[in-house]
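*Asks:* Chain Z: place on chain R using the hints.
Read off the chains here:
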Amino acid sequence: MKKYKYISLIMILIILFFATGDATIEKPVSATDKYDINRSDIVSERFTENQENASLAITNFFNYCLLKQKESKDEVKGYTVDGVSREYFPEYYGGNYINVFGNVVFEIVEEYYTKEFERSELYYEIIDILNIDPNNICFRPVKASYAYLIEKMEELGKLFGDLQWKDITGYGIDDYNNGLFIELKNGISEERLEAIKTIMNGIYCDLSYGDCEIKETSSLSPGEDVYSSTALYSVAFPAEKIVNGEHVIGYVTAGHCVDDTTDQFIYTNSNICIGEYHTGNRSLGGNADAAFFELTAGVTPFYRVYSDTTFIINENRVLSQGSVVKKRGRTTGVTSGTVKSTSYSASYCNTSFTDMVNTNMHGENGDSGGIVYTNPNSIDSAYIAGILCAGYTWLFINRSIYTKAGNVFTSLDVQLID
Amino acid sequence: MKTRLLFCCLIGMILLTGCGTSKGKVRSNLVIDTAHSMSMRIKTGSLTSKGMVLVVENLIQDDNIVIVGGVDDDYHLEYQSGGKWYYVESLIEEYYVALLGKYYKDTIEQQINWETRYGTLSDGKYRLVKAFTEEKREDGKSVTQKEKFWLAVEFEIE
Numbered sequence: 002m003k004k005y006k007y008i009s010l011i012m013i014l015i016i017l018f019f020a021t022g023d024a025t026i027e028k029p030v031s032a033t034d035k036y037d038i039n040r041s042d043i044v045s046e047r048f049t050e051n052q053e054n055a056s057l058a059i060t061n062f063f064n065y066c067l068l069k070q071k072e073s074k075d076e077v078k079g080y081t082v083d084g085v086s087r088e089y090f091p092e093y094y095g096g097n098y099i100n101v102f103g104n105v106v107f108e109i110v111e112e113y114y115t116k117e118f119e120r121s122e123l124y125y126e127i128i129d130i131l132n133i134d135p136n137n138i139c140f141r142p143v144k145a146s147y148a149y150l151i152e153k154m155e156e157l158g159k160l161f162g163d164l165q166w167k168d169i170t171g172y173g174i175d176d177y178n179n180g181l182f183i184e185l186k187n188g189i190s191e192e193r194l195e196a197i198k199t200i201m202n203g204i205y206c207d208l209s210y211g212d213c214e215i216k217e218t219s220s221l222s223p224g225e226d227v228y229s230s231t232a233l234y235s236v237a238f239p240a241e242k243i244v245n246g247e248h249v250i251g252y253v254t255a256g257h258c259v260d261d262t263t264d265q266f267i268y269t270n271s272n273i274c275i276g277e278y279h280t281g282n283r284s285l286g287g288n289a290d291a292a293f294f295e296l297t298a299g300v301t302p303f304y305r306v307y308s309d310t311t312f313i314i315n316e317n318r319v320l321s322q323g324s325v326v327k328k329r330g331r332t333t334g335v336t337s338g339t340v341k342s343t344s345y346s347a348s349y350c351n352t353s354f355t356d357m358v359n360t361n362m363h364g365e366n367g368d369s370g371g372i373v374y375t376n377p378n379s380i381d382s383a384y385i386a387g388i389l390c391a392g393y394t395w396l397f398i399n400r401s402i403y404t405k406a407g408n409v410f411t412s413l414d415v416q417l418i419d
Numbered sequence: 052m053k054t055r056l057l058f059c060c061l062i063g064m065i066l067l068t069g070c071g072t073s074k075g076k077v078r079s080n081l082v083i084d085t086a087h088s089m090s091m092r093i094k095t096g097s098l099t100s101k102g103m104v105l106v107v108e109n110l111i112q113d114d115n116i117v118i119v120g121g122v123d124d125d126y127h128l129e130y131q132s133g134g135k136w137y138y139v140e141s142l143i144e145e146y147y148v149a150l151l152g153k154y155y156k157d158t159i160e161q162q163i164n165w166e167t168r169y170g171t172l173s174d175g176k177y178r179l180v181k182a183f184t185e186e187k188r189e190d191g192k193s194v195t196q197k198e199k200f201w202l203a204v205e206f207e208i209e
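Heads up: the protein sequence lines correspond to chains R and Z, in order.
Going by the working numbering, the first residue of the first sequence is number 2, and it counts up by one from there.
Going by the working numbering, the first residue of the second sequence is number 52, and it counts up by one from there.
With the rest of the complex left out, here is chain R:
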């Protein structure tokens, strides 16, 4: 008798579990992630604990550099950070900062950030120097070394010293943006601004004075969030196009994301202008929903999926039915699924499309244009599959379709960057 009562109770609990979880639509993924710098001073106990571990690790790192400097018995000269001059920061080091979880993000210069970095000797060497639990640190590739940023600080110091600090309030290293920020006084001449820009030589530089803010160079990663004057979307992967015999470096996104009636600027979430779309560079219909836009001079196309550790190999792959795929878009971040159909026709935006790929990945408004990639055999690297374009959700059934990378190349007359 008791036995049946228990069985009945368990069944009711199971039924209630499924019934309540079924049609509930979850809140979207939080915008914060491990690469986001912490901007809040109201933090959790866990954050505080993580930050303590992080600061100890970074202290260990600076002590290591300082020890190397002392061992050399060289005279300490130039600009120093915690007593360390630029020659004694390792070439691979690009800076560090605390993320939203209180953990340290340790920046590695791109050349040293190999495909399987977290299996490399350098990775273990750094973990050893910092004496940190690998779960409490993440690594991020950057363009400039910390030593180079210090060199720029020295050059700016000389320039501003010569100018007796007439035009400047202050300047400093901006680890998070892997560059410098310079606070200028109102009324600085164009000539002096040019002198600053010459010194910066393509390094990220946030110049601010009065109400005006000038953003200099930046980077763009596959799957990163962008916006134009009318829409918010994502970008897929870097590509190049030959225009009048010259290689133009740019990025591809979904065709319906751009307005083909007028040229338009494209910005990142941080309000940095990273590119410009020129009319005529899109394909909307047939086998492609794709567009190509030119990157602004100085913007570096990165190959690491935005806010993720996956490295995109500069090759595309044709996928079979049943293949595992992933995508990265601004709204739902990284999601995965399998290929349901390798040549699929559908209609959206009042346009018919053919030879698309149908998957069961989840996507939402704003994910359009994001990269679709595949990495079944690798933890940390992936091949390009295509551009996310449209989706369909019915309760917990998800479908999304993407334009094949091969169709992107032929329809837009672009290719992967050599």
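Because the hints were derived from the structure by calculation, they are not lab data.
Don't take each hint at face value.
[Said to hold, decoys possible] Cross-link-like lysine-lysine pairs, in silico, DSS-like; alpha carbons within 25 Å at most:
| hint | chain 1 | residue 1 | chain 2 | residue 2 |
| --- | --- | --- | --- | --- |
| 1 | R | K35 | Z | K199 |
| 2 | R | K35 | Z | K187 |
| 3 | Z | K197 | R | K35 |
| 4 | Z | K187 | Z | K197 |
[As the list claims (entries may be wrong)] Chain Z regions said to be covered by chain R (calculated; three or more residues, Cβ under 8 Å):
| hint | stretch |
| --- | --- |
| 5 | 84 to 91 |
| 6 | 115 to 125 |
| 7 | 142 to 150 |
Since this is a predicted model, take the numbers as computed values, not measurements.
Backbone N, C-alpha and C define an ideal beta-carbon position, used for all residues, glycine too.
*Replies:* Just chain Z now, kept in the frame of chain R:
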């Protein structure tokens, strides 16, 4: 005793069937945000059994709050039965929409035509539901918080 067990199994099967993904009568449990500064209404005189002109109005004055929604096609219809809301069954098995994020600033008019997707609606009480995301930004820059919400506009076909 066996009868009790069979009864429990039967109830369980009925409930589980109700939780499936069948496009039969599926109840909507969406919570519509009626207090939001965004609102939707039907343009006067535009409602027919095949569509409407939807007016979406954003009255938020804060520059650090951005409302992102889908394209015009990104909506669904629900009908009322016994005081409860149910999804209107789509004639198209999988109805795709572009996943573009669209700014909803000031007032936007959208031409909604559901004939292809739902056919001509029969008499009854309906609501059109759209999802939006409210994005809070720090000094107009990086998004610091996102919250999804649903708005609906109710109408009757007679």
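*Asks:* The structure should be examined with respect to each hint, and the outcome stated for every one.
*Replies:* For each hint, the structure was consulted:
Between K35(R) and K199(Z), the direct Cα distance comes to roughly 22 Å. Compliance with the 25 Å bound is thereby established for this hinted pair. Pair hint K35(R) plus K187(Z) holds up; C-alpha atoms about 19 Å apart against a cutoff of 25 Å. At roughly 17 Å between alpha-carbon atoms, K197(Z) and K35(R) fall within 25 Å of each other, so this suggested pair holds. Under the criterion of a C-alpha separation no larger than 25 Å, the hint pairing K187(Z) with K197(Z) is consistent with the structure, at around 6 Å.
Only residues whose beta carbon comes within less than 8 Å of a beta carbon in chain R count, and the stretch 84 to 91 of chain Z has 0; fewer than three means the coverage is violated. For the stretch 115 to 125 of chain Z, the proposed coverage by chain R is satisfied: 6 residues have a C-beta within less than 8 Å of a C-beta in that chain, meeting the threshold of three. Figure legend: the stretch 142 to 150 of chain Z, annotated as covered by chain R; annotation consistent (6 residues with Cβ-Cβ distances under 8 Å, at least 3 required).
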